[in-house]
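Q: Here is what each chain is made of, one letter per residue.
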Amino acid sequence: MRYAMAIDTRKCVGCSDCVVACQTENNVPVGFCRDWVTEVVEGTYPNVSIELRSERCNHCDNSPCVRCCPTGASHIEEGGVVLVTHHKCIGCGACIQSCPYKARYSHPEGYVDKCTFCIHRVREGLDPACASVCPTKCIYFGDLDDPNAKLVTVLKNRKFKSLAPEAGTKPQIFYLL
Amino acid sequence: MKEELFVSGRSIPNIDPNLNIWHWQIPMYLFLGGLAAGILFFAGVFTILGKEHKMRATVKMAPLVVPAALVVGLFMLFLDLKHKLFFWQLYTTIRLESPMSWGAWVLMLITPLSILWAASYLTELFPGWDWRYKVLKDFEGWLIKNRVSLAWPMTILSVILGIYTGILLSAFNARPLWNTSILGPLFLVSGMSTGAAVILLMSKDHKERKIIGRIDILLIIIELFLITHLLMGYQAGSEAQINAAALFLGGSFTAPFFTFVVLLGLILPALLETMELRGWSVPVIIPALLVLAGGLIFRFLMVEAGQLTRYLY
Chain W
1 MRYAMAIDTR
11 KCVGCSDCVV
21 ACQTENNVPV
31 GFCRDWVTEV
41 VEGTYPNVSI
51 ELRSERCNHC
61 DNSPCVRCCP
71 TGASHIEEGG
81 VVLVTHHKCI
91 GCGACIQSCP
101 YKARYSHPEG
111 YVDKCTFCIH
121 RVREGLDPAC
131 ASVCPTKCIY
141 FGDLDDPNAK
151 LVTVLKNRKF
161 KSLAPEAGTK
171 PQIFYLL
Chain R
1 MKEELFVSGR
11 SIPNIDPNLN
21 IWHWQIPMYL
31 FLGGLAAGIL
41 FFAGVFTILG
51 KEHKMRATVK
61 MAPLVVPAAL
71 VVGLFMLFLD
81 LKHKLFFWQL
91 YTTIRLESPM
101 SWGAWVLMLI
111 TPLSILWAAS
121 YLTELFPGWD
131 WRYKVLKDFE
141 GWLIKNRVSL
151 AWPMTILSVI
161 LGIYTGILLS
171 AFNARPLWNT
181 SILGPLFLVS
191 GMSTGAAVIL
201 LMSKDHKERK
211 IIGRIDILLI
221 IIELFLITHL
231 LMGYQAGSEA
241 QINAAALFLG
251 GSFTAPFFTF
261 VVLLGLILPA
271 LLETMELRGW
281 SVPVIIPALL
291 VLAGGLIFRF
301 LMVEAGQLTR
311 YLY
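Chains W and R, in that order, are what the protein sequence lines are. When you line the first sequence up against the working numbering, it's residues 1 to 177, in that order. When you line the second sequence up against the working numbering, it's residues 1 to 313, in that order.
Simulated from the structure, these hints should not be mistaken for laboratory data. Treat each hint with caution, since some may be false.
Claimed, not checked - Quick list of in silico lysine to aspartate or glutamate cross-link-like pairs, EDC-like style, CA-CA up to 16 Å: (1) K137/W x D127/W; (2) K102/W x E52/R; (3) K102/W x E140/R; (4) K2/R x E51/W.
Quantities reported herein were computed from a predicted structural model and do not represent experimental measurements.
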């Protein structure tokens, strides 16, 4: 089992519904976010291209945050999901330094917090909050080892990229181009 | 033109727009840890060589500073933690992949060792000192008898501690400025140089000052070589590392780095120490304080600048 996400940059309209859904579902404190939407504009009018990306923790296969954590609070759960055990975290900030994606933040209560792939929903057979609310259905969440998953089909039929693969992290969020 | 913006809005404290999660506590700690490592290294080596009577300040006096430096350094690390009451979780596990974990364990070993070392010289340095209880006196006797056996682990641990202050930073792939293996040796050499500076400040013996002064000049030359190597390494690296080096080669850190670290913190003290060896009279306090200030500023600049560097995608 290997959970992953494919996000269609051609279907995303940048409405930020995924961001609000995540904040609501996970009680993210005001002023913080576990996912966010980046808009990259290239060129000058009239030759302009826009890429919209809903970004979050990449739940990397080779996760630097898990490697550098001195207490083992950052760890890998079933399906490759990277999680933080709050009562083991000392808030040293090493994992925040180690993440090339700025996906982690220091929660006002002291521990480090991040996207959990809504593992509490996934365990009940639901999609993560961001994927389930997306009005254009551009977020495909699923198990890479399940040949029938929609995620696997789109990754087979479309070109895709991941972010900063040169960092060696083996990210598991794929952006369909 | 290429423009990137967060359309969902994003301004997380200490993370946006630039990472700033580590503040003054970390460079302070790196400085104190390096300085302590340097002093303990010299104390250990000269004890193993059997020179403790010739090198009084190195072996006996300067190590008195170390427990204080380490305890203050550890307190700085504690101040940096955001989930402070859980700090003991560090000592529930050993994670060899995490430099911070084995660094915490090395500190756990070397801090008590440095306290024992300093305590074993108290009666000799302060003739009025009295341990009062027989147990303590016996223990002191045992420490004095086993100094060489203590010097070995202390020297080895001090090298690990010195390198660790650099590896703590260089282990972060995501920060291109830090992600170079030169940083370990560079911080070790710089820490030893600051340790030598403390010894120079405390020593009253001309011969001892001459030996430590010579060692310090050599350390500074190695440091200058490593810094050149560091900057050349970035320039020959990936785009992320070229951008990182640009901060020091024309960017906003160029002036403070070359003025306070390279010129005033390395080249000038090396010149002054050489002049003293040649028979000029230079107050030792000047090169020693310059080395200390340079080492401290170097760590502040590296921690600050490193957090500005990142992968672009």
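Q: So which of the earlier hints does this model not fit?
A: 2, 3
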